[in-house]
Each structure stands twice: as C-alpha cells, then as structure tokens.
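K.L.:
Listed here are the chains, written in short residue letters.
2 protein chains.
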Amino acid sequence: MKRLVAAVLAGLLFPLFSSAQEDSVVIRQIVEDVLIRGKAYENLRFICKKIGPRLSGSPQGAMAVKETARMMREMGADTVYLQECMVPKWVRKGRDTASLVMANGKGQPLKITALGNSEGTSAKGLTATVIEVKDFDELERMKDQVRGKIVFYNYPMNPRYIKTFLAYSDAGKYRGGGASRAAKYGAVAVIIRSLASNPDDFPHTGAMRYDTAYAKIPAVAISTNDADVLSSALKKRMASEVYLKAECGMQPDVLSHNVVGEIRGSEFPDEVITVGGHIDSWDLAEGANDDGSGCVQSMEVIRVFKDLGIRPKRTIRAVMFQNEENGLRGGTKYAELAAQDKKKYILAMESDEGGFVPRGIGVSSPDSAKTARMKAWSPLFRPYGIEEISNGGGGADIGPLSKLGTVMSSLTPDSQRYFDIHHSALDVFENVSRRELHLGAGVMAAFLYMVDKYGN
Amino acid sequence: MKRLVAAVLAGLLFPLFSSAQEDSVVIRQIVEDVLIRGKAYENLRFICKKIGPRLSGSPQGAMAVKETARMMREMGADTVYLQECMVPKWVRKGRDTASLVMANGKGQPLKITALGNSEGTSAKGLTATVIEVKDFDELERMKDQVRGKIVFYNYPMNPRYIKTFLAYSDAGKYRGGGASRAAKYGAVAVIIRSLASNPDDFPHTGAMRYDTAYAKIPAVAISTNDADVLSSALKKRMASEVYLKAECGMQPDVLSHNVVGEIRGSEFPDEVITVGGHIDSWDLAEGANDDGSGCVQSMEVIRVFKDLGIRPKRTIRAVMFQNEENGLRGGTKYAELAAQDKKKYILAMESDEGGFVPRGIGVSSPDSAKTARMKAWSPLFRPYGIEEISNGGGGADIGPLSKLGTVMSSLTPDSQRYFDIHHSALDVFENVSRRELHLGAGVMAAFLYMVDKYGN
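As you go down the protein sequences, you meet chains A and B in turn. Residue numbers are given in the numbering used here: position 391 of the first sequence equals residue 406, and the series is strictly consecutive. Residue numbers are given in the numbering used here: position 34 of the second sequence equals residue 49, and the series is strictly consecutive.
The hints are simulated quantities; they were obtained by calculation from the structure and are not laboratory data. One or more hints might be untrue.
The list makes no distinction among identical chains, and a pair is therefore deemed to hold if it is satisfied within one copy or across any two copies.
Said to hold, decoys possible - Calculated cross-link-like contacts (lysine-lysine; reagent style DSS-like; alpha-carbon spacing at most 30 Å):
(1) Lys54 - Lys126
(2) Lys54 - Lys251
(3) Lys359 - Lys418
(4) Lys64 - Lys126
(5) Lys126 - Lys65
(6) Lys178 - Lys390
(7) Lys358 - Lys81
All of these numbers come straight from a predicted model, not from anything done at the bench.
When you get a sec, could you build the whole thing from the sequences and use the hints?
P.N.:
Right under this line is the structure:
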C-alpha cells in the first residue's frame, strides 16, 4: 500500500487518475491504514489506564505531557516540543458528600460532586434550607427568600434537542454562573442539576466561575436521579434542609505545558496546519472521551502521514492543549505564541466532542470562498460516514487562533452518547469503540491531507 | 401535546398547515414523546436484567414471551396474543474450554465458545493436531492433510468495509458452513475465528448448520486475540495440537411462541403493518443489542400511538419473533399464518441491527413506485439524524413475508459498534444508550405513522 500511495503522491499514476479520483485513492489509503494499523486506541488505553485522571497542575497532568511527547517522538514526528504555560491548580480533597435532612432528623445520602474551580465548604460542612428554582428568572422572582439558603438549580438538559450540544449550552449557564448569581442575594451554596442527558446516579462536574463582586460560595452538581429525589422531597415537605461537605479549592498557579509534535512542511514550512485535542481532564474518571480521544486522534494524523510516507507541503502540528477544562490557558498561550512568530496559521482542527462515530466536519472562516472550497470535498468523505462538510467549525482550544484569521474546523462525531458520560465517573476507556475512534482519526487525517494539498 | 396532536390529526389545524408541515408536526411529537416519556429503555432493562439470556426453548425464553405480552397489554394494545411454533432446543452444558498443547507438554488456555447448533465433544474432550486455513480455497488445496485434524478457519472480518454488515456476511460463511466443509475431508472438529471487529478476548458464538451428508463434528469460535495466539504458535511450531471440550447439542423441538400486540385499524383493519424484533437471544449475555433493542423499540410504537391518541387507519402489529438466532421458526410461522388469513400484509419493518443511533431507513419492494413514495419522505426524517430513506430494507424475521408481496423495511442504525459485542458476553444492557435507543424507536414509530397515513 505504501508503494501505491507513494506512486500516487509522486504523480506517477497521474495519467490514470483525475484529481478527484487521485484524492479518493489517497483518502481511502489513509482511512484504511488507520482502521487497520492505527495506534490511537492503544495510545488511549495507555492515557486512560496508565495515567488516568489528569487535571491541569496534577502529577498525572505532568505525566500526560511527558508520555504524549514520547508517543509523538515514537511516531516519527520531525520535532516534538513543549510550550510553557501557567495553569490554575484546583484541588479536590477527599470525597464530596451530601444528604437530605429528613423531617424525622435522619439523613438520606445524595450523590454530588463539587464543580471545578469551586471553593469548598469547611471541613465540617454546612447545613442550610434549600430553595429550588427552575431558572434565573425564578431566582430573580424569589431573590428576597434566598439569603442564608442553598439555591438548587433544577434545570434539565432539554431532551428535544437532537444536537445534544445545544442542550448543553442551554443548561450550562447554571453550572457556569449560577453560584455568583445566587451569592448576590446571600445564598450560602448552590446545587446544580447535573448536565446529563439521562436519568442516572452519576454527578457530572465541570467548570464554574466566580464573579468577584460576590462571595465565593461552594457549588456542587447532583446526579439527575437525586435531583428528582431532592425536588420531590422539597415539594412533599419531607425535607427542607441539606447537609453539604466538599473540601476543595484553588491553589496558586503552577507551570504546565502544551505538547506539540510536528511534521515540517516540504514546500511551505511556515504555513501551519494545527490539529489538536486537550490533554487535561476532569478528576472523576479517565477523560477517555473528553478528551483523550481528541488527543490520540490528533497524534494519529502524524503517525499515518509518517507511516504512509506522505510528506506534507505545509507544516502539520498535532497539539495536546493544556487546561481546556478549567482555564483554557493552553489554547490561549498557543495563540499568543502564534501571534508572535512569523508563520501563517492557515487552518486549525479540533476534536473535542468525544471519540464517537464521525458524522460531519465543520469549517468556519470569515472568507466564505475558503469554506466553500472545503465543503465541495464532501462527496470524497461520504464513503466514511461523513454526511457533509458544513459551516460551523471550531473548538475552545483553537478558538483564540481565530483572531489571526485561521480557518476553524472540527470533527463532528455523533452526539447522542456524549452527555451520558461527560465529566462523570463514566468517562472511561471502556466507553470508546476502537472502530469509531479510528474512523474519526482517519477522517481527520484525510481532511488535513486535502487542506495541505490544496492550501488555503 | 396530546391535544395538539389530536387537533392536527382531526384536521382542525389543517388550514394552517400544508400536508408536509402537518406530517412534520406529528413526526416531531412522536419522536419527542419517545425521547422524553419512552419506556423502551426501562423495558430493555427488565428483559436484560430480570430475564437475561433467552435462547429459544429455554425457561428464560418462555419467561420473555410472558413478560413482553404483559408489557404490550400494559401499553394498551387492543389485543395481545401468542402464535405457537415449535423451536429447536440447543443446550450448552457447562463451560466450554480449550487449550494449546505446548511443545513442553503444558496447556495454555484459549478462550472459546461452542457455536450454536453444534454437537459437542465427549465429556472428556478431544485432542488433535490443528491445521490452519485462511479460507475455503486453502481448505480445498490442503484437503488431503485434513483427516483426523482440527481445522482452524482464521478468516478475519475485513476492517475495510465501513458498513460492517458486509464484513459479517463475507466472513460468516466459515461460521455457518465451515464444519461440514471440513468434515467432508475427515476433520474431527473446527475452530472459527470469532466474527468480531476488534482484537479482544471474547469469543462470539452464532448459528452453524450441518450438511447431513457429513459427520456432525464439533464447532467452536475462538476470541480474535486467541486466534492470533493460536496462529502464531502454529507458525512458530511452539504447538501443533489443541485440546477442546464443549458439551452441548440438540434436543427435541419444543413449543414456543411469537408474541403479537396489535392496535386495530380504524378504517382498514385487514391491512396489516408489522413491526418487530426477535425476542430470543444467544446464551452468553443479555441479548441487549441483539435483539432486545428491536423488541422494545417495536413495542414502543404501540405505546406512543396509544399515549398520543393516534388511532391508525390500518392495523399496527408489534411482533416479538421467536427463534431468529438458530432456526427462524418464528418468522417462518408468522408468514405461514399470514398466507392463510384473509388480510393484506402491506409493510413489515424490522429492527435487528442493534439499538445504536439511527442513520437510515431501508425499504425494498418489487414495486419501485412504492419505495419511491417512501424515499420522498427523507427530508421529514433528517432532523432526527436519518440521512436517507433508501433501497435495501429487510430482515431475517420478516423475510418470509416478502413472498406475499409485503414491502420490507428496516431501521439502519450506525454499524460501527455492533460487531464489537455481537453474540458475545459483551452484549449487555450497559452497552445501550437510552437516547440512541429511543431516537431509533421514535423514528420507527414516525415512519409507520406515515405508512399508515398514506397506505401502500
């Protein structure tokens, strides 16, 4: 196969092929090589099982930097290097606990987890009356009753959104900003219904942020099943108070790194194509789908180019971004450095929606001629389950690059399963399928092959 | 919501809607109701966890008949009844074992499972020299060396097929017919490389059949990882013999049943629309994706029609087919009875490719005008992830109905994960996603709503 690809690349078979036929041959070779000989799945197993949860600033976070650098060196990247960045260090100490204080004085345990970046309770915890609100509008109406209480935001992800990320954005504002909105009116803590698509027993964490104008009150997520238990107990007046204990909080920033592996372009080395995922993860599980998957898929681009002898004209960089989950310091630093060097960052692609079966590629650019050219490649990708290359590419880590005019793109996997497991103890290696992960990686590599070939 | 649907159905809102708009409103109500209030997932939990593996003729098989009949009665089906059929009763006794007999005389265990319908070894097992073949062509070339040996078919599922069912059909002939082909030349047993898409440690069973012209020799499947171990040991001459023990075999046929739940048509009760899955499963796991999923999705059609107050013009029948896995007696009996009654079986839909995210609907009919009409509904289904209603519907259970001119249709879920788990110990409830299962059920119900409305 390597010979056939080399012959096609060298133009030896050109008389036999139209350009689209030639592209389709190389795309097939790339996708098949990843399906058959890809290393992404075994690399993900290592990241999940040998490293594990890898919150920025943690010892596992540092280990992940070292190990992904090793993986890219072993794949034959021309250069592998680190980009320093300071990251927030949020630490959870021990197990977060909560219980309903029943009318008879007994406690009934509730499954909760502190939200990332949250300040904790004292070591003794706190007990307060709970006031349930559906949304911010209801909070505003009830603001006079909030002082001294725990505000419980019971806002579900809307199951009607077939694109589950829309439901996530919709409900996400309570996790992100709910604590400070409640603190403004004197609340002592907040409980957020987990951003989970199913009724289940797993609390889902995720980043929150404080508005420094108000007190930094503890913020926790509760499992969807226990959100229903809590709501029902309040409505039936079986309980009015909850006991909460979550020892956690921010420590001073520490040094961490993005990891960059690159194949130097043979003709235009100063034109850079970036592909990445984020190497940090939440601390409750292995960060398999969020975003170990995106990392191993991005590294796989390097591997398959090298193993098939594809020498890109432009520089291809696989980037393991640091600290996407609770600070975005890695993505911010990458764009800062990019703004200072003399290179041209033509396109960046992110995979951070899970390692599920790929169904689309999103592309965004202020220059619609550029995206139109890429959208016209759609038929070449349909044999691999990509319905459409369409508008709407991007991602948190590559977002800061868009100021430089970089075209934003992203892999769009099927989204039905993602919020079953996202940010919870369920985000483990066993919930990734090798074929789905590799099909996604193959499609990414093939897309970047096209971007490199036709420029931008 | 029920009121809106009722108003639409009654034509009260007709002046506001074109027909396609009206259809799109009802389709949305159906899909959303299943996503939000669907019972399919909880019914599947019951079937998997309270009943478990349910091979035809087993006590659990009988329990599944009784419980799915109860479920459909509770959903408000107008009639629920059983159709008697005799089924083969294949029994596995104890754990199947095998080991490589190493050059030093020690045994190295291999993960195997007897194929369904296979005769077993004696209680002591058998030891014989193993001869590996890639395919039937190689068997024919080596036929003189086969006598007294175990033939090992090491034919992998081809990872290049993006539609994994193509790889399954391609490799499936060794599981189905490999034993008799080898027995013809005097083999004493066969070992088949599992029909699994991944390197893993789980043997995958499935039906085989004997050609009665030859000896009924034992047939087992070996895990893909151990197929590689065995092949490597043979090539390196570290071992030449394998010990096999599998106590199993056929017993006399026993009485079993299809389960039928029906909503009687209000205008054309003698026009029957069938929707089904098969209630029997292999014995190694819970039969969650194969085919508990298809059963609960088919029952869900009854539930959502009843709960939304949709009164079909034609009769809708949800059928839990019996014995798809190792005899197809249920599907055969259903078509036999259909050929005798005076009704018109206009369309049958099967869901038997796993409860994964739905991506298409297949339709087949000798009358291309009928399929063209249905294919034109595609835009109504795209919002729910259905890329296309296209040619190629069918399924094992409904297949026998095609002789009556019935249009064949099927749900086409994404196929990447199916052969990770199919017929192995991995086919458990935990590998089904509630949203994926319900989205599939919603799409099925909506499609059948259209079939009922527009006839055939």
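K.L.:
What label fits lysine 64 with lysine 126 when the C-alpha limit is 30 Å: within, between, both, or neither?
P.N.:
both (25 Å within a copy, 24 Å between copies)
K.L.:
At most 30 Å between alpha carbons: which applies to lysine 358 and lysine 81, within, between, both or neither?
P.N.:
within (26 Å within a copy, 70 Å between copies)
K.L.:
Pop the pair lysine 359 and lysine 418 into one bin, within, between, both or neither, using alpha-carbon distances up to 30 Å.
P.N.:
So lysine 359 and lysine 418 pass the 30 Å test inside one copy only (12 Å; across, 64 Å).
K.L.:
Classify it for me, lysine 178 with lysine 390: is the Cα-Cα distance of at most 30 Å met within a copy, between copies, both or neither?
P.N.:
both (20 Å within a copy, 24 Å between copies)
K.L.:
Given a CA cutoff of 30 Å, do lysine 126 and lysine 65 count as a within-copy pair, a between-copy pair, both, or neither?
P.N.:
Both, since 27 Å and 26 Å are each at most 30 Å.
K.L.:
Given identical chains, is lysine 54 near lysine 251, meaning Cα to Cα at most 30 Å, within a copy, between copies, both, or neither?
P.N.:
between (54 Å within a copy, 26 Å between copies)
K.L.:
With 30 Å as the alpha-carbon cut-off, assign the pair lysine 54 and lysine 126 to within, between, both or neither.
P.N.:
between (37 Å within a copy, 25 Å between copies)
Checked against the numbered hints above, the structure violates none of them.
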